[in-house]
Amino acid sequence: MTEAIAQPPSATATDTGAPVLVVDLDGTLVRSDMLHESFWSAFGRDWRSPFSAFRALFGGRAALKRHLARAAEIDVATLPYDPAVIEQIEGWRNAGGHAALVTAADQGLAEKIAAHLGIFDEVHGSDGSVNLKGATKAAFLKDRFGEGGFAYMGDSPADLAVWERSGAVITVNASASTRQKAGSLGKPVEHLLTAPSPWKALLRAMRPHQWLKNILVFIPILAAHRVDPATLGLGLLGFAAFSLVASGVYLMNDLLDLGPDRAHPRKRERPFASGSLAVAHGTWLAPAFILAGLGLSLPLGWTFLTLMVCYFILTTAYSLHLKRRIVIDICVLAGLYTLRIIAGGAATGIPISVWLFAFSVFFFLALAAVKRQAELTDQAQRGKLSVAGRGYHVSDLPIISMIALGAGFVSVLVLALYLDTPDVRHLYRQPNILWGIFAVQLYWITRIVLITHRGEMHDDPIVFAVKDRISRLCLLMACGFILAGVLL
Numbered sequence: 001m002t003e004a005i006a007q008p009p010s011a012t013a014t015d016t017g018a019p020v021l022v023v024d025l026d027g028t029l030v031r032s033d034m035l036h037e038s039f040w041s042a043f044g045r046d047w048r049s050p051f052s053a054f055r056a057l058f059g060g061r062a063a064l065k066r067h068l069a070r071a072a073e074i075d076v077a078t079l080p081y082d083p084a085v086i087e088q089i090e091g092w093r094n095a096g097g098h099a100a101l102v103t104a105a106d107q108g109l110a111e112k113i114a115a116h117l118g119i120f121d122e123v124h125g126s127d128g129s130v131n132l133k134g135a136t137k138a139a140f141l142k143d144r145f146g147e148g149g150f151a152y153m154g155d156s157p158a159d160l161a162v163w164e165r166s167g168a169v170i171t172v173n174a175s176a177s178t179r180q181k182a183g184s185l186g187k188p189v190e191h192l193l194t195a196p197s198p199w200k201a202l203l204r205a206m207r208p209h210q211w212l213k214n215i216l217v218f219i220p221i222l223a224a225h226r227v228d229p230a231t232l233g234l235g236l237l238g239f240a241a242f243s244l245v246a247s248g249v250y251l252m253n254d255l256l257d258l259g260p261d262r263a264h265p266r267k268r269e270r271p272f273a274s275g276s277l278a279v280a281h282g283t284w285l286a287p288a289f290i291l292a293g294l295g296l297s298l299p300l301g302w303t304f305l306t307l308m309v310c311y312f313i314l315t316t317a318y319s320l321h322l323k324r325r326i327v328i329d330i331c332v333l334a335g336l337y338t339l340r341i342i343a344g345g346a347a348t349g350i351p352i353s354v355w356l357f358a359f360s361v362f363f364f365l366a367l368a369a370v371k372r373q374a375e376l377t378d379q380a381q382r383g384k385l386s387v388a389g390r391g392y393h394v395s396d397l398p399i400i401s402m403i404a405l406g407a408g409f410v411s412v413l414v415l416a417l418y419l420d421t422p423d424v425r426h427l428y429r430q431p432n433i434l435w436g437i438f439a440v441q442l443y444w445i446t447r448i449v450l451i452t453h454r455g456e457m458h459d460d461p462i463v464f465a466v467k468d469r470i471s472r473l474c475l476l477m478a479c480g481f482i483l484a485g486v487l488l
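Mapping the sequence shown onto UniProt numbering, position 153 (from 1) lands on 153, and the numbers just tick up by one.
Derived by calculation from the structure, the hints in this document are not laboratory data.
Fair warning: there could be bad hints in the mix.
Mimicking DSBU-like on lysine-lysine, the simulated pairs with C-alpha atoms at most 35 Å apart in a straight line are [unchecked claim]:
{"hint": "1", "residue 1": "K213", "residue 2": "K142"}
{"hint": "2", "residue 1": "K323", "residue 2": "K267"}
{"hint": "3", "residue 1": "K467", "residue 2": "K267"}
{"hint": "4", "residue 1": "K384", "residue 2": "K112"}
{"hint": "5", "residue 1": "K112", "residue 2": "K213"}
{"hint": "6", "residue 1": "K142", "residue 2": "K181"}
Please read these numbers as outputs of a predicted model, since none were measured by experiment.
Take the sequences, apply the hints, and build the full model.
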C-alpha cells in the first residue's frame with residue numbers, strides 16, 4: 001500500500017525539487033538488517049564467531065559490522081528486496097535524478113548489493129571506524145549534497161535526524177509514531193507501507209503445527225495406562241515446555257539457514273527468508289522462547305530440565321554442524337524424537353521400557369531417512385546433484401531409501417516381538433487384537449517410502465502424515481485396535 005501526503009504517490013526528482021534520492025538499506029531497500037544477517041551467517045559457518053564478534057565490539061559498532069561482514073557469506077542476489085522501493089528508485093533515475101545508497105551497513109556489503117541491483121550512482125556505508133547512522137549520516141549527507149539538497153528514503157526513528165536535513169521525506173514501513181514525527185517536519189512526505197503483518201509471520205515462524213511432535217511426551221502415559229488428571233497435568237506442562245523451546249529452536253534454525261532457504265523453491269517463503277518477519281526480531285525472540293521453555297521445565301524436576309537442555313544443545317549442534325554430516329544427521333533427528341518420549345517419562349515419573357525405546361529409535365530413524373529421501377528426490381527432479389546445506393548427493397538416494405524402509409521394518413519387528421511379551425498380556429484384556437496395529441504400521445511405512453520415491457512427500461513426513469487422509473485413517477485404526485484390546 002502507498003500512502004501519499006502533500007505530493008503524488010510516486011516521488012520523482014521533479015516532484016521534490018531535490019536532484020538526489022538517498023536510500024537507506026536495512027528495513028528500507030531490504031526487508032532485513034544486514035548486521036543481524038551477517039551475525040547469523042557467520043555463526044552458521046563457525047560456532048566460535050560470536051566470541052570473536054564480542055571482541056570486535058570493543059572497537060565500536062562499525063568495527064563489529066566490518067568483522068561480521070567479512071566473516072559472513074551472504075548471497076546478495078537472494079536478499080528480500082522491497083519491489084516498491086526499487087520501483088521508486090528506478091522512477092527517480094528515469095526522471096533524470098541521481099540515486100545514492102547510504103547505509104549504516106558495512107561499505108563492502110553495500111557495494112555488493114549496489115553492484116547486483118545496478119540502480120545506484122554512488123554508495124556509502126560504515127567503514128569500520130565510523131558508523132554511518134542517525135546524526136552522523138545526516139551530517140555526512142548535508143556536507144555532500146547540501147541542506148535540503150536530497151530526498152531521503154528510510155524507515156527507523158534514527159532516520160528522523162536525516163529527514164530534518166533533507167528536502168523531502170519518504171518513509172518505508174515505518175512505525176506510526178515515526179510517520180507522525182516525519183510528517184510534522186513540514187516537508188513533502190510519502191509513506192510506503194508494503195510489509196505484511198509481523199504477527200501472522202511470527203505465528204508461521206513459530207510453527208505451531210510442529211508442536212504435534214511434542215505429543216510424544218504423552219506416549220509413556222498412554223503406554224503405561226496411567227491416564228489420571230495429575231499425570232496428564234505433568235504431561236501437559238512438559239508439552240508446553242517442549243513447544244516453547246522447539247519454537248525458539250525453529251526460529252534459530254531459520255536464522256541460521258537464511259541462505260539455503262532463499263535458494264529453495266518452497267523454503268524461500270519462510271518468514272525470515274522472505275523478509276515478512278525481521279531478522280532482528282528473531283535475534284531476541286529465539287532466546288526468549290528457549291528461556292521461557294526452560295523456565296517451565298523447572299517444576300518438572302532436574303531430570304526433565306537436563307533433558308530439555310540436552311535437547312537444546314543437540315538441536316543447536318545439528319543446526320550448526322551435524323546436519324551436514326551424512327548418517328549422523330538422521331541419527332540425531334531420530335534421537336530428538338526419542339528424547340521427547342524419554343522426557344515424557346521423566347516429567348511423569350513413568351519408566352521407559354526397552355521395547356518402547358527400541359521401537360522409537362527405529363521408527364523415527366525411518367522418518368528421518370524419509371525426510372532426507374524427500375529432499376533428494378526433489379533435487380533429482382529439478383536436475384540438481386546435491387542438497388544445499390546437507391552432505392548428501394542425489395546418487396545417495398537408493399541407499400537413503402533402503403535405510404528408510406529397513407529402519408521402518410525393524411520398528412515393525414520390534415512391535416511384533418513386544419506383542420508376545422507378558423507386559424502386553426498384563427495391560428490388555430485382548431492382546432491378540434493388537435496385531436492389527438502390526439498390519440497397519442507395516443502398510444503405512446511401506447506406503448510413505450513409496451510416496452516419497454514418487455516425489456509426493458512434504459519436506460517433513462510428520463506434516464505430511466497430519467494432512468494425508470490415509471495416514472489419519474491408519475492412526476484412527478491403530479487407536480481403535482488399542483481401545484479394543486483394553487476394553488473388550
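> Given the hinted pair K112 and K213, is their alpha-carbon gap at most 35 Å?
Replying inline: violated (41 Å)
>> Would the hint linking K323 and K267 be met if the CA-CA limit is 35 Å?
In response: Between K323 and K267 the Cα gap is close to 17 Å, so the pair holds against 35 Å.
>> K467 and K267 were given as a pair; does the straight-line alpha-carbon distance stay at or below 35 Å?
In response: Holds, because 18 Å separates the two Cα atoms, which is no more than 35 Å.
>> Between the alpha carbons of K213 and K142, is the straight-line distance 35 Å or under?
In response: Given that 35 Å is the threshold and the Cα spacing comes to 56 Å, the pair is violated.
> Do the alpha carbons of K384 and K112 lie within 35 Å of each other, as the hint requires?
Replying inline: holds (27 Å)
> Is the Cα-Cα distance between K142 and K181 35 Å or less?
Replying inline: holds (20 Å)
In summary, the numbered hints that this structure violates are 1 and 5.
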